[in-house]
Amino acid sequence: DAKTTQPTSMDCAEGRAANLPCNHSTISGNEYVYWYRQIHSQGPQYIIHGLKNNETNEMASLIITEDRKSSTLILPHATLRDTAVYYCIVRGTTSGTYKYIFGTGTRLKVLA
Amino acid sequence: ETGVTQSPTHLIKTRGQQVTLRCSSQSGHNTVSWYQQALGQGPQFIFQYYREEENGRGNFPPRFSGLQFPNYSSELNVNALELDDSALYLCASSWDHAYEQYFGPGTRLTVT
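First to last, the sequence lines map onto chains A and B.
First residue of the first sequence: 1, per our numbering; consecutive thereafter.
First residue of the second sequence: 1, per our numbering; consecutive thereafter.
Bear in mind the hints are in silico, worked out from the structure with no lab data behind them.
Treat each hint with caution, since some may be false.
[Said to hold, decoys possible] Chain A side only, calculated, beta carbon under 10 Å to chain B, not exhaustive:
id	residue
1	Gly43
2	Tyr87
3	Gly96
[What the hints assert, rightly or not] Now the stretches of chain A that chain B is said to cover, found in silico as 3 or more residues with beta-carbon under 8 Å:
id	stretch
4	45-53
5	98-106
Note that the structure is predicted; figures quoted are calculated from it, not measured.
Ideal placement from N, C-alpha and C gives every residue a C-beta, glycine not left out.
Hey, can you work out the whole structure from these sequences and the hints?
In structure tokens, the structure reads:
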């Protein structure tokens, strides 16, 4: 299973874009990058995922480098409610099991 | 559409006891995964059930066991509770085992 490396914490001003980086240099060709966030020990919330193309949905954009060794989650206009721990996960499959290997994530604090 | 639900919300048990946690998957989802999240850590994969069969297991001892029912709801059973089993237990369901997982709110288990 590929490992991911994220900064421990980041601050972002309310209304500005939050750019959360993730390194996954050992990612394999068929492994997807997933992003989740967790607020106040609630269940993690799915944000977005991608394989090699950039992706955008109503919550965020995901930019994956051409060599797929790193990615960036972009929250275009951060609000106070975006304060959370953000997890970057590389999801592969082991013997047909699709499991998530979580790291310790990035604690994003959005400042008023 | 009802999301993933878990019961109970909180639970206090004594060391050596047994506990059963329950999860109702999101409508139409046939896969349930269970995770353990210790304080300050990312969730750790326990096991996954796909169409009522165990479909992979993480690094947890056999006293952690589970079931998935024909309606795809699931149970996590833990025997001979230890103090280190104190954690937030998360259940996640997905439309199929290769799709993104949606998490429930979790059950907070305290072992004294």
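Checking each numbered hint in turn, tell me which of them this model violates, lowest number first. Result: no hint breaks.
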